[in-house]
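Got chain A sorted already, so can you dock chains B, C and D onto it with the hints?
Residue numbers (the numbering used here), protein chains in the order written: chain A, 272 to 576; chain B, 233 to 529; chain C, 85 to 413; chain D, 160 to 683.
Hints may contain errors.
What the hints assert, rightly or not - Simulated pairs of lysine-lysine, DSS-like, Cα-Cα distance not exceeding 27 Å:
1) C/Lys167 with A/Lys495
2) C/Lys283 with C/Lys214
3) B/Lys258 with C/Lys145
4) A/Lys278 with C/Lys167
5) D/Lys560 with B/Lys299
6) A/Lys278 with C/Lys206
7) B/Lys299 with D/Lys439
8) D/Lys560 with B/Lys298
9) A/Lys495 with C/Lys145
10) C/Lys210 with A/Lys495
11) C/Lys145 with A/Lys491
12) B/Lys298 with D/Lys490
13) C/Lys214 with A/Lys495
14) B/Lys284 with D/Lys560
15) A/Lys472 with C/Lys203
16) C/Lys259 with A/Lys393
17) C/Lys145 with A/Lys393
18) C/Lys145 with A/Lys472
19) D/Lys252 with D/Lys490
20) A/Lys472 with C/Lys167
21) A/Lys393 with C/Lys283
22) A/Lys393 with B/Lys298
23) B/Lys259 with C/Lys145
24) C/Lys206 with A/Lys491
25) A/Lys491 with C/Lys283
26) C/Lys203 with A/Lys495
27) D/Lys625 with D/Lys638
28) A/Lys495 with C/Lys163
29) A/Lys491 with C/Lys214
30) D/Lys396 with D/Lys249
31) D/Lys396 with D/Lys497
32) D/Lys490 with B/Lys299
33) C/Lys259 with C/Lys206
34) D/Lys560 with D/Lys581
35) D/Lys291 with D/Lys278
36) A/Lys472 with A/Lys495
37) A/Lys472 with B/Lys284
To be verified - Sample of chain D residues lacking proximity to chain A, with all beta carbon distances greater than 10 Å (derived):
38) Thr221
39) Phe305
40) Thr322
None of these hints come from the bench; they were simulated from the model.
C-beta atoms are modelled at their ideal positions from N, C-alpha and C, and glycine is treated no differently.
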Amino acid sequence: MLDFVVKRSLQVIIVVFLALTAVFFLIRLSGDPTALFLPPDTSREQIEEYREILGFNRPLYVQYGEFVGNAIQGDFGQSLRSGESALGLVLARLPATFQLAFSALFISLLISIPLGVLAAYKRNSIFDRIAVAATVVGQAIPSFWLGLLLIYTFAVSFSLLPSSGGGSIVHLILPSVTLATYSIARFTRFTRSTMLDVLRKDYIRTAKASGAPTGSLVLKYALKNSLIPIITLVALDLGTLLGGAVVVEMVFAWPGVGRLLLQSLLNRDFPIVLAGVFIIAFIYSIVNFIADILYAYVNPQIRVK
Amino acid sequence: MTTKSEVNVVKGSTRRKSLRITNFFKKLLGNWSGFVGFVIIFLLIIISIFGKQIAPYDPMYTDFTKKLLPPLTEGHLLGTDQLGRDVLSRIIVGARVSVIIGLVTVLVAGTFGTIVGIISGYFRGWIDVVLMRIVDVQLSFPFILLVLVVSAITGTGLRNIIISLAIGGWVIFARVIRSEVLAIREKEFITACVATGVKRSHILFKHILPNLITPIIILGSLQIATYIIAEASISFLGFGVQPPAPAWGNMLSEGKDYIFSSWWLITFPGIAILITALGVNLFGDWLRDTLDPEFVE
Amino acid sequence: MTNLLEVNNLNICFRNGKSITQPIRNVNFTVRSGEILGIVGESGCGKSVTSLAVMGLLPPKSSEITKGEIIFNEQHIEKMSEKQLQNIRGNEVSMIFQEPMTSLNPVFTIGQQLMEPLKQHKSLTKVQRKERIIEVLKQVGIPRAEQIIDEYPHQLSGGMRQRVMISLALLCEPKLLIADEPTTALDVTIQAQILELLKRIIAETNMSMMLITHDLGVIAEMCHRVVVMYAGSVVEEASVEELFDNPLHPYTKGLLKSLPSQNERKSALYSIAGQVPRPNELGQGCAFANRCEFATERCLTAAPPVFSVAQHKAKCWLLDETVGGVFSE
Amino acid sequence: MKKYVLPIFLLVVLFILTACTEGTSEQPGKSNNTDSTTNSSGNKVESKKDSIVIGFEADAGTLIANTDVNYATDAQIRNIYDPLITRDSKTGKYIPFLAESWESLDELTWRITVKEGVKFHNGADFNAESVKFSIDYILDENNGSFYRSRWANISEVEVISPTEVEIRTSVPFPGLIERITGDLLILEPGYVAEVGKDEAAKKPVGTGPYKFVEWSRDNYLKLEAFEEYWNGAPSIKQVEFRYIPEFSSRLSAFLSGEIDLFKNIPVDSVQSVEADANSKIAEVSSSRINYLALNTHYKGPLQDEKVRLAINYAVDVDELISAILNGHATKMTGPLSKINSNYTETTDYSYDADKAIALLKEAGYAPEDITLTLDTPNGRYPMDAQVAQAIAAQLQRIGIKVNVQVNEWGTHLEKIRNREMKDMYILGWGPAFEPDSTIFDLFTQNAPYSGFYDEAIEKEIVEATKIFDNAKRKEAYNKIQHLLVDTAAWVPLWQQGDLYAVRKDLKFEPRVDEEIKVFEMSWE
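Next comes chain A alone, as it looks inside the complex:
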């Protein structure tokens, strides 16, 4: 176990490091940010002076070396715009991001697993067909479109829910439902197909032959077996939910990491972008790490090895 943890931790470090390196160089290709922060009447000489202060005039490898040196100590520099700690700014958005991602995940799992199980169990029934059709539609809807539609319906037309902003549980409903839609569709389809797969297995026949009632057959036996691939998928998608909710965060003005990252990207506020990448890559790796442990938990074949 310790071996596993050490090995995986090393992997996490390598992945995060490589991700940062890639983004560092990629983002420098997108241009010099200095002039964007200055008033438009700044002369070229003055822009140059600021570049020097901000360190953008130095060779790229020097900047990279410095970045790595500082990053190792947990210092991602200051926001070019506000001068605050970049990492601090990203971390401050993290609770909102977690809140949105986990409630979306929660909603998705709550709906998709029973739905997928039921659809698989009642294969080819009307229910199954409707469920499958719904998931296909769910995967085909662009999320901002759905988001605007929901705002239009629930916030403007019926005044039931707030249209945007962060804060309370009620603010969370529309964005998390919007974000969850795609996952619900994806998880439902996946649950259904893995369940179908499992239900064909010999050990299910065995259980049936021992007189296991249908309910416990599906819920107890098949579901636990299906959980293994489902956990992997959820772990993969949680990363997307955490960092990829940009569109939903923009539509619903949700103060999360994705929106900060997009704005920083547009503002060319590099330190924030890098700190954001670091956090997202790190969380993603951790989530996968946890998924692996969970995976072992439900899959005895791996656990014992």
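Same frame as chain A, now just chains B, C and D:
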């Protein structure tokens, strides 16, 4: 792509079924949703090829006196936009952009991802470790953010969008193909080939590659919809194919500001995307169910 | 001896889309209390489908019992609801499958899996259940039964897993045990052990067993009576000695001839020419006619009825002339 | 153990949800305080409101003054901090604010007298020392102020008395008052020294009408009335700025009653706001100008004055204003708007297609031979991308083919700075009250955002920026304006019409300088 869906007989693999043109249509007709998907795709391709001829108006023609006409007025079936251009015509001509983005991205990402997957899965060893680390690095970064970062660097425009999407999308092919190759490598017929001294390149191209065609086709067809929707999303965030070129993504993006005044501007392109994604997904699902029911993305 | 199980004139249809096939036609046989009935035939002859039908395990949507009855212990299996079936399965009838490697759920321990049928069918306390499990595990010859219950299937060898499967079937002391090719997937040495075990258990208890196999050797070793199936029908039924000494049906004769014999070292093994027709290829006549060296015109046009010679029954027109047996049915 | 996994997981989820939301819950939309009545669309509106929620596109970068050059930051913190000098909300003329008066002692020295009896939120007194501190704050490299470039000419600030301060410049700097008005806000020296600038940037203290309450990044900024405000207690007691990046969401929030005011509503949405019984539109002709640059830095047909003239004739600005902007803009004919202190009337090249074609022929071009590129940002200025497409359509009418290239904003600016722009581009400029910055920064060879260079004109411009005497200055700039129009340096477009969506019962006067001063607002 649909007319070429003939798939080689899969040697040595029992779970996959072959599909030849003759029974392709027979099977398709027997499946309602697959058939609907196919019809949507077929129409889409026709529209994207002959869009300019089909469109009732020039999609770029602006007439300020006729701006923001609601649907079914003055000969504009779906109304006009903020510059008085015909919405229906723009949707029809815009189909090409979506089709190109979907197909070309799948082609680029699929080719690259497949090559990486094959190399990784077949040769194993250090190259596999290196490539899979790269895949991990990229996967540790959400697709849409990656596409945004790349778009911010490469700039906008159809070509750059495709590049960004492909950079964001190849990993999934690499991963899936790698695991397929790993599975095929373990099959008895490959062992038999190795045992009888067949050349490596021969094994790779004559035995492994044909077995990959089915998963590639299935995965590719399912990814197309993802790319089309992703393009719309990055258009929404301001990076997609830029106006004045008619594309569904930027129509939606421009139209969203009119959600309260001119609902048709955001409704119809959205429906177009939805129907397209629906069609592609239905067809992809059917392909999977027919060719390889156990295929998992 | 009373009949524990009676299968009368069973017909089963499979539906796949619009096409319908009938893999089981007019199958009749009985299992008596305390006996081991062997069902033998090539793969695809309907042995397994029949056994699944007895368990009520046929896939509900795609298959249907179109005619006939299955009477177990004076109850009509074919008329039972799913709920009633659940009460019977694992309790009064249980089944052992061919593949011990995949027939146990990989994510539950042996103990957890053995616990289920007991929970389902018997009202025992937790401690009693555990005792019973260990008792049965010991009965099937598993050493360290106390430890095994906390292990997972992948930690056990194939033979051990099949023993676990057997103990799973025996837990509730069923009246009928159906063993579907229980040893096919095992090593030869293990095969003998498992068969020996089954035989011993049947002898010790008042259980009946339906042993499904394609291996006549196993039949000879284990069974009291034998049913020979071919292409979805029973072609011959007799006691073991009778069948081996005096096979009536050409198919049975062919099967026996193709057995490698220990005392005669023939240069080549005998094999029955041709292939089993698929259910949708069956015509009016005898299903075996196309492979039968004695086939006549009549065999091709009309299906033979059952001819009985004492307790020995067979479906073949040849009997009409040579034996002149009693036409029954 | 196992059976507790799920419940524990659920609890953790719930915990996260509640932990994240603690203390900030507020019912959707409608804000606090009494006497609710229900109006036609079912929204509850308070009859005696004393709070306001204002929608913004973006969060402030920081809350410390004099640092971030950004409209969103500036507009918000001007409710917390006061400037020395402000502008008349309609004419843009200077009005003393914390300053009593100012005068230039000589070309290099300015003296400013400040008010007495003004207090900061923390009780400290405002005086000349605070002025010096605030200017020095900009000048100190360590503070990372992006305004510093504009204040580089300041050599020294000296406190003469508690109410008097002298500012010395290294070169004659006639634009200082403009800088003081546009940039400088007064910080509390004692507070910044006490808590440090990082903390002061999160919890600002100023002399302004509103005190800081709470700032949730990318979410909201809450302020409350400073009852001891030197200019009188504000009428609206609670202020919340809420950040909603997406326009359609912002409009939704407005229509559903969650926000009471927001700026920059697209012209085509004006009707939807006007149609709402609780809402109205406020409009002002802003000091921000939009223009079509005819880039002479790029080697192309537009280096030819005749071609530039032809484009001026071929682009029908009136049509653009009426058709694209629905009339919400004020046409300009030269580089400066009428608000500008040194504006002079220049020739109006009205639409004349024949003349345009004739001019092109004179220059040796057939319109059909010319293909031009027009770059535009998208969403930066009202209808910018649509205007670009419309201009392309207009030029197409006389046969010139135009490729519209839409850029992401950062890229757009970078292309201008790096001289990568091709023939034409759309850009806005403002707030533009004084000619110096507009003329110097947009028409000289080396200015980063310039799109025009003419040696003779540049000489005139450089001279003009040094003139102190107002009359002479005006004369010089008048000449330059005529020169620029005559050489068709731009196609001048318009002053932006700033459109605000406003709650019906909110007394709100939009300001030409784009500031959003809650102090000036009240509920009816």
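inquiry  = With the threshold set at 27 Å, check whether the alpha-carbon distance from D/Lys291 to D/Lys278 stays at or below it.
reply    = Holds, at about 16 Å.
request  = Verify the proposed pairing of C/Lys145 with A/Lys472, using a straight-line Cα cut of 27 Å.
outcome  = holds, 18 Å
ask   = Are the Cα atoms of A/Lys495 and C/Lys163 separated by 27 Å or less?
value = With Cα atoms ~32 Å apart, A/Lys495 and C/Lys163 exceed 27 Å; violated.
query = A/Lys495 and C/Lys145: Cα distance at most 27 Å?
reply = holds, 25 Å
ask   = CA of B/Lys258 to CA of C/Lys145, is that 27 Å or under?
value = Cα-Cα ~24 Å, so holds.
key: Given hint A/Lys495 paired with C/Lys210 - CA-CA distance at most 27 Å   = Distance ~23 Å between C/Lys210 and A/Lys495 Cα, so the pair holds.
message = Can you confirm whether the C-alpha distance between C/Lys259 and A/Lys393 stays at or below 27 Å?
response = Between C/Lys259 and A/Lys393 the Cα gap is close to 33 Å, so the pair fails against 27 Å, i.e. violated.
request  = Measure nothing beyond the straight line between the CA atoms of A/Lys491 and C/Lys214; if it is 27 Å or shorter, mark the hint as holding.
outcome  = Satisfied, since the Cα-Cα distance of roughly 20 Å is no more than 27 Å.
key: Distance restraint between C/Lys259 and C/Lys206, which requires alpha-carbon spacing of 27 Å or less   = holds, 15 Å
inquiry  = Would the hint linking A/Lys278 and C/Lys167 be met if the CA-CA limit is 27 Å?
reply    = violated, 51 Å
query = Are the Cα positions of A/Lys491 and C/Lys283 separated by 27 Å at most?
reply = Given pair A/Lys491, C/Lys283 is violated - Cα atoms ~34 Å apart, limit 27 Å.
inquiry  = Please verify whether D/Lys625 and D/Lys638 have alpha carbons no more than 27 Å apart.
reply    = holds, 15 Å
The structure fails hints 4, 6, 16, 21, 22, 25, 28, 31, 37, 38 and 39 (numbered hints given earlier, in ascending order).
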